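Asker: Using the sequences and the hints, build the whole thing.
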Amino acid sequence: MSSDLERRVLAGDVAAFGAYVRQHDHRLRGVAWAVVRDSHRTDDVMQTAYEKAFRSFDTYDGRAALSTWLHSIVYRTALDELRYEGRRRHDDVDEIGSAAPTGPDAATSAVDRLELESVLDGLNPADRAALTLTVGLGHSYDEAAEILGERRGTIASRVSRARERLTRWEQS
Amino acid sequence: MNDDELGRFLRDEIPEPDDGYWEEIDARIAAEAGQRPSPVADLVTDVGQTDVDVIRLTDMRPITGSPRSTLVPRLVAMAAALVLVAGIAVVVTRSDDPDTSTDVAESTDPAPDTDPAPATDEPAPGDGSLQPSPDEPAPITDEELGEALLDPIAPGEYVVVGAATVEAKLNPITDEAGLDAFFEPGDDVLSATGRRALYQGVEFVEMIVDADAKPLWFPAGAVLQIGETLPTLEGSQVEAWEFGSILLSRAPGLADAGEVSASAGELLEATGRRALVDHREWLQISAAGERRWVLATEVVPVDAARGLETLSPIASAEWEVGRGGELEILDRPGFDGTLVGGAEIGGIVSGTGVRALADGLEWYEVLIAEGQVGWVMANTVQAPDTILGSSRQCYADGADVLAITFSGDAETFTGVFAVGDSVEAVAGVRLGADFLVAIEPIGAAEEAGFEVGQETWQAFAAGFSIGERAFLEIVECRTVQSTVDQLDALVGTYPDVPFPD
Chain A
455 MSSDLERRVL AGDVAAFGAY VRQHDHRLRG VAWAVVRDSH RTDDVMQTAY EKAFRSFDTY
515 DGRAALSTWL HSIVYRTALD ELRYEGRRRH DDVDEIGSAA PTGPDAATSA VDRLELESVL
575 DGLNPADRAA LTLTVGLGHS YDEAAEILGE RRGTIASRVS RARERLTRWE QS
Chain B
8 MNDDELGRFL RDEIPEPDDG YWEEIDARIA AEAGQRPSPV ADLVTDVGQT DVDVIRLTDM
68 RPITGSPRST LVPRLVAMAA ALVLVAGIAV VVTRSDDPDT STDVAESTDP APDTDPAPAT
128 DEPAPGDGSL QPSPDEPAPI TDEELGEALL DPIAPGEYVV VGAATVEAKL NPITDEAGLD
188 AFFEPGDDVL SATGRRALYQ GVEFVEMIVD ADAKPLWFPA GAVLQIGETL PTLEGSQVEA
248 WEFGSILLSR APGLADAGEV SASAGELLEA TGRRALVDHR EWLQISAAGE RRWVLATEVV
308 PVDAARGLET LSPIASAEWE VGRGGELEIL DRPGFDGTLV GGAEIGGIVS GTGVRALADG
368 LEWYEVLIAE GQVGWVMANT VQAPDTILGS SRQCYADGAD VLAITFSGDA ETFTGVFAVG
428 DSVEAVAGVR LGADFLVAIE PIGAAEEAGF EVGQETWQAF AAGFSIGERA FLEIVECRTV
488 QSTVDQLDAL VGTYPDVPFP D
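Chains as they are written, first to last, in my numbering: chain A, 455 to 626; chain B, 8 to 508.
These aren't lab readings, by the way, just hints derived from the structure by calculation.
Mixed in with the good hints there might be a few duds.
Unchecked claim - Not everything, but these chain B residues come out facing chain A in the computed CB check (under 8 Å): (1) Asp10; (2) Leu13; (3) Gly14; (4) Phe16; (5) Pro22; (6) Tyr28; (7) Glu31; (8) Ile32; (9) Arg35; (10) Ile36; (11) Glu39; (12) Ala40; (13) Leu337; (14) Arg339; (15) Phe342; (16) Gly344.
Since this is a predicted model, take the numbers as computed values, not measurements.
All residues carry an ideal CB built from backbone N, CA and C; glycine is no exception.
Answerer: Quick look at the structure:
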């Protein structure tokens, strides 16, 4: 059952839409980031996706939760961005962001984080999205399957494949 | 690293939005909701067609909410909303006529008396059934298609088939694509208008996807008519593509496959028979001595001799390195490939016509040396500009000055752009009968918040207009280190044009 905010969103209430997407933006950005791996393009993807979603409410049939539907739009928009614009990685240490460690081991940790980022960059975008949705953002395999438009078994395979790559990196 | 640690890392990686992010979203949603007119529509006004040799853009007025361009399709809409950074001085010189000081005009002056041409000189749609919106180009007419137009096909209903996502275009003979222009096999029912066109060896058919939207052009080989018998494919091998395992059904469209399945990477023998069920294509394969059926989206054809998951070949073409940064050429398709070559932005690589699918993306085989080939991601290259022009992009990353040479007919112009921030994209787009250049400094415009007034736009447009049917091809981009002497030397006879400090 949808909340009052969701009902207003679906009715085309601009203010309600703004409030709703602000509530969900960080998690949605996680999906976009997982695919495009670039902060500027993440912004582009999100802005385009929100515009698409607002324009497409008449196609929302209510079978999936509104947030799931939004996640799907973000994911497809991110894939479009990736396919159209090409892969362009910003090797910017600043993008490690506020989580950058400090202290005596900071230099080693920073290298490890860069290497882990590189390993994640090297994953299939769909594998990376599945990993982020499940391990990063706590979605179930069924929820991730609905968002990515795939079968549950496919999600499980993607996450397993991604974990295998990470394990190989850790052991190297 | 356990799941908790990995989860925390993945969450911490998610970047916060840049400044202006929410303002942009709010502006777009408000515009979509019709609460205010589109800024592009406001700026599309009459355009003068006066040849002007020097333009000094000094009349800038601050605004907020300047649209941020992203994809090439948006550049078409942005053609009427030229956004310039504070301090840019645009000097256009004729390379063959240095002494044209008497022709200097400033943007603050009204355009000389001319008969203004309509800013949106949009031809009538080909079938008369669709009206263009003010911020999108009109459907291409039969006249504009010219020799590309083929004999019509009978209208009917079609679906997208095959293994890969298909990109549809607003215009089959340029690189223009619309929003939501990617289609998955079986997702939509398309209605053919009957029009066909041939461009660079690829046949396109015009389809209506949404009755309220413009028709799109799809590669003919990527769509099949519903209700028609599918032509058989040559018997070949296919490889299970979907991760995990795929089900091999007893009949096309039948979800229950019993216990027969194939693992990802397993090679299957295709009999060549195909079927269309519920708008999705199924292929018949041989497995364990039985004939079974598999969704076409779950397998890809295999070039057994080369071990590649190939897609249908395209006409071999020259590809221009686009916005992906320096082009990486790998020894095989897929992110695991080894780097064997490269090309800079604007460089040209020659395709062999072979395409492959790897890591969920499309790859092109290209020539890198005599007898040697490599692979590039398809979305990092683009067809070079044509006379009818799409766009070419120049970058001034880290430099203070960008010099862009344009050519039109037999004349060349050098535009010198002294920028206070990085000019990331310069695109030539066509609007009506004029060919305009939109300069778009990503990010800086939003910070500075400048708008292009009607006078400025007219003067800018007039400076690049040559005759009635004008086009500009960007032939060279150069970055120049910013010293006044170097700029003066580049500009030539206009040393008095002010440049930013």
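Asker: When the hints from earlier in the document are held up against this structure, which numbers fail?
Answerer: 13, 14, 16
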